[in-house]
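Assemble the complex: chain A is given as a structure, and chain B must be docked to it using the hints.
Number of protein chains: 2
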Amino acid sequence: MNNNPSPSAERVVHVPLGDRSYDILIGSGLVARAGAEIATRLKGRKAAVITDANVGALYLDVLMRSLADAGFQAVSLTLPAGEKTKSFEHLMTACDALLDARIERNDAVIALGGGVIGDLTGFAAGIVRRGLRFVQLPTSLLAQVDSSVGGKTGINTRHGKNLVGVFYQPDLVLADTDVLNTLSEREFRAGYAEVAKYGLIDKPDFFSWLETNWRDVFSGGAARTEAIAVSCQAKSDVVAADERENGQRALLNLGHTFGHALEAATNYDSARLVHGEAVSIGMVLAHQFSARLNLASPDDGMRVATHLKTVGLPVSMNEIPGDLPPAEVLMDAIAQDKKVKSGKLTFILTRGIGQSFVADDVPASEVLSFLREKHPR
Amino acid sequence: MNNNPSPSAERVVHVPLGDRSYDILIGSGLVARAGAEIATRLKGRKAAVITDANVGALYLDVLMRSLADAGFQAVSLTLPAGEKTKSFEHLMTACDALLDARIERNDAVIALGGGVIGDLTGFAAGIVRRGLRFVQLPTSLLAQVDSSVGGKTGINTRHGKNLVGVFYQPDLVLADTDVLNTLSEREFRAGYAEVAKYGLIDKPDFFSWLETNWRDVFSGGAARTEAIAVSCQAKSDVVAADERENGQRALLNLGHTFGHALEAATNYDSARLVHGEAVSIGMVLAHQFSARLNLASPDDGMRVATHLKTVGLPVSMNEIPGDLPPAEVLMDAIAQDKKVKSGKLTFILTRGIGQSFVADDVPASEVLSFLREKHPR
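Residue numbers (the numbering used here), protein chains in the order written: chain A, 1 to 377; chain B, 378 to 754.
Okay, chain A solo, but in the shape it has when bound:
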C-alpha cells in the first residue's frame, strides 16, 4: 500500500503493522481527492460514507462527488452529532446501512467526521461480515492526531466510555488540513493539547518547536501539516510497538489519568470541560506531581503550563467553571479508571520535558494528598 504514495499529499506517515499496515496522508484538499486516493488502494467500487449532521452539512457533497468521479457507487448515512451517537442503537443503524448497501469485503466504509464518527464507523466496519475495508477522513484536529491512528474503535454504555469495541485498523487515513479551518478556536485548541502531549512524552525538540511555531500551527499551512505529521508518526511508533496496549502504549495516557477524573467530575459536560482541556490540565498536574515526587524539576511543570496557557488552554483545576467534587471523589474516579493494587497504582510520570515513563507503584495516598493541595478551595 505504501508503494504508491500520492504525489499531491504533502506528507505520508506509514503505520507498519504487518498485513494490517496502512498510510496516513496529511495535506490540503484531501476530501475532494478522496475518491481517487481510495480507488488506487481498494479493489471494490462500492462505498458507504458515515458522517454526522454538522460535518455532513459542510463536506458530504464534496466527498460524494469525489467518490462518484472515481467510479464508486456510494451511499451515505448521516447520524446526529455528539458523544451520544457512540451507542449500541447507532451501531445497529450503521451496520444495517452497510448491509442495506450490500457493502462487501473489498468495498469501502468511510468515516467522515471527528472521533465519535470514527470510533463508531470503525466498529461497524470491523464487525459487518467480520471485517470490511475502512477509510478514515478525520475532520477534527483531535481525530487527526489521536483517535484516527491506532485502531481503537468502540461505543459507550451506561457503564462508561469505550467499554465495547474492537481493535480494527483502517486501510487508509486522509487527514485534510483545510477542514480544520472550520473548527471553533476552542475545538482546535483541545486537539492541540494532544499534539503537545507527543512532545512531552518523548520529543523535547518538538515541544520546543511548538513553543516557537504554535501560531503557524493554528493559522494553517506548512507548520500545521508538520505538527500533524509528527503527531501521527509519534502515535504510529507507539502503536506499532504495542498494538493491543499491553505496555508502552500506556505512555499515550500522559495527562489522561487526572484528565479522565476531571471529565467524570464535570459529568462530561462539554460546556464546562472538553477532553483536550482536561488533558491539558492533566498534563500540567502530571508534571507537578512528578516534581512533588522529586522526579522532575518544578521548572518543567512551569514551562508546560506557560505554553499551554499561551495557546489558550486551561492549566489548573481553578479554571474549570462551577464547583468540583472534593479531592476524595476525584481520587475514587482515578482508582476506578486504573485499578489500585495493594494501595499502588499505575501512572504516567516524567523526569522532565520529553522524558515520560510508566510507573506502576505510585502510592494512592500520595496522589490523594497532591489532589487535596491542588484542589480549588
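Honestly, the hints are just simulated from the structure, not real lab data.
Hints are supplied without guarantee of correctness; some may be wrong.
Here are the computed lysine-lysine pairs in the DSSO-like style, where the Cα-Cα straight-line distance is at most 27 Å [stated by the list, open to error]:
#1 A/Lys46 x B/Lys718
#2 B/Lys538 x A/Lys46
#3 A/Lys161 x B/Lys420
#4 B/Lys686 x A/Lys43
#5 A/Lys341 x B/Lys423
#6 B/Lys423 x A/Lys344
#7 A/Lys341 x B/Lys420
#8 A/Lys203 x A/Lys309
#9 B/Lys721 x B/Lys751
#10 A/Lys43 x B/Lys718
#11 A/Lys344 x A/Lys374
Just some of the chain A residues that point at chain B, by a computed CB distance under 8 Å [as the list claims (entries may be wrong)]:
#12 Met92
#13 Cys95
#14 Val128
#15 Arg130
#16 Gly154
#17 His159
#18 Lys161
#19 Leu163
#20 Val164
#21 Gly165
#22 Trp214
Beta carbons: idealized from backbone N, C-alpha and C, even for Gly.
Okay, now just chain B, sitting in the frame of chain A:
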C-alpha cells in the same frame, strides 16, 4: 497453555494459532470439572456464564458449583433458547451483563450451550473491553465438532445469518461427551452429518471407520470421544492453515452450498429441516453433482448416501416435508450465497470419498440443470 494437558481428559486437541493458541479437551464429566480446568489456565477469579433456558436447566447448577469450588466469583445469564437469540438485542443484554459483573480482561466469559450461545457469547467476549478471556462448553454435537472450533462468532440480522460478528478465538474449549446423552436423536444425527463431512473432505479412512463404528459413536463412550477428537483435529488443521477464511477453509463448506439453499427454501423452519440434515442432503448432492461432471464415480455418491441414510439422516430433497420452491429459486439462493462471476461460481466438489477440492469455475447453468433433475416433482 498446552504445557498442562489435563490428565483426566480423555483427549486433547491443540489448536496452534500463535499467541491465540488453545486446547480443546474432550471427555466425560468436563462440566463438573470446568472450574478446575479454567482455574489452571486463567489468572482472573471472576466468571460470567451465558447459557440458554434449555441447557441451563440441565447443567447450570453443576457448572456454577464447579466454578465456586475452584474459587471463582461467578454470575450467570440465561437467554431464551433458539436461533432468534443471535440478535443485536441479546448481544446488548450479554454485554451489559458482563459489564455489570465487572468482568475484566483476565476473567472468564463462559458459553454453556450449543452454537447459538457459543456464537453470541464469543461475540460479546470479543467486544467487551475489546476482548475478554473466553471459554466454550459446547453442549450439542454440532457445536463440539464445528462451531466451537475456529473462532467465528456473530449474530443474525434481517439481511441474513452471521452477517455481523468477529473472529475471536477461545482460550479453552471443554467438550463434555456426557452432555450429548440428553440430545434428541434427531439433534445428535444432525451433528453427526458434520462429523461425516470431515471424512468426506480428506479423511477416507475416517469415513470407513465411521461406516463400521457409527453405532458406538451414537451410544457414547470411547468411539464417541474418538469421533469428536478427529473432527476437532480436522477443523483445527484447516483453521490453523487459514484462520480468516481466505482459501482452503472453504473446504469446510462441503455440502453447505446446496444445504444453505435448502435451509433458505424451507425458511429455516426446524420442523422441516435443521442445518445438519440440510448438510447431509447437500453432501450427497455434491457427490452426485461431481459424478455428473465426470469428476467422481457415481458409486461414491451411493456410498455416502447409504451411510447417511443408515444413521437416519435425509439424503435427498424428496425427504423434506412440504413443497420446495422450483429449481430456479434454489439456484437464486445459491447465487446469492456464493456470488456468480461471469456465470461461474465457486463450489466444493470431489474426486471421490475424502478427495474434496475447491472449484472456482463451476458453470451456473450446470448447477441449475442438475437441480432441475434432482428436484422432487
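For a C-alpha distance cap of 27 Å, please report whether A/Lys341 and B/Lys420 respect it.
The given pair, whose Cα atoms are some 15 Å apart, holds under the 27 Å limit.
Restraint check, 8 Å cut-off on beta carbons, for A/Gly165 near chain B
At about 5 Å, which falls below the 8 Å cut-off, the nearest Cβ of chain B leaves the hint on A/Gly165 intact, so it holds.
Check whether the Cα positions of A/Lys341 and B/Lys423 lie no farther apart than 27 Å.
holds, 16 Å
Mind checking the alpha carbons of A/Lys43 and B/Lys718 for me, to see if they're no more than 27 Å apart?
Holds, at about 15 Å.
Regarding the pair A/Lys344 and A/Lys374, is the alpha-carbon distance no greater than 27 Å?
holds, 20 Å
Hold the hint about A/Cys95 up to the distance rule: shortest CB distance to chain B must be less than 8 Å.
With a closest approach of 5 Å, the A/Cys95 hint holds.
For the hint on A/Lys161, does the least C-beta distance to chain B fall short of 8 Å?
Result: violated, 12 Å to nearest chain B Cβ.
Should the interface hint for A/Val128 be scored as holding, given a Cβ-Cβ cut-off of 8 Å against chain B?
holds, 6 Å
Pair hint outcome, A/Lys46 versus B/Lys718 [Cα-Cα no greater than 27 Å]
holds, 17 Å
Cut-off 8 Å, beta-carbon criterion: hint that A/Gly154 touches chain B
Holds, because the Cβ-Cβ distance from A/Gly154 to chain B comes to roughly 7 Å (cut-off 8 Å).
Check the hint pairing A/Lys203 with A/Lys309 against an upper bound of 27 Å on the C-alpha distance.
holds, 20 Å
Would you settle whether the hint for A/His159 is holds or violated, based on the nearest Cβ-Cβ distance to chain B being less than 8 Å?
Status holds, d = 4 Å.
Going down the numbered hints, you'll see the structure goes against 4, 18 and 22, while the others check out.
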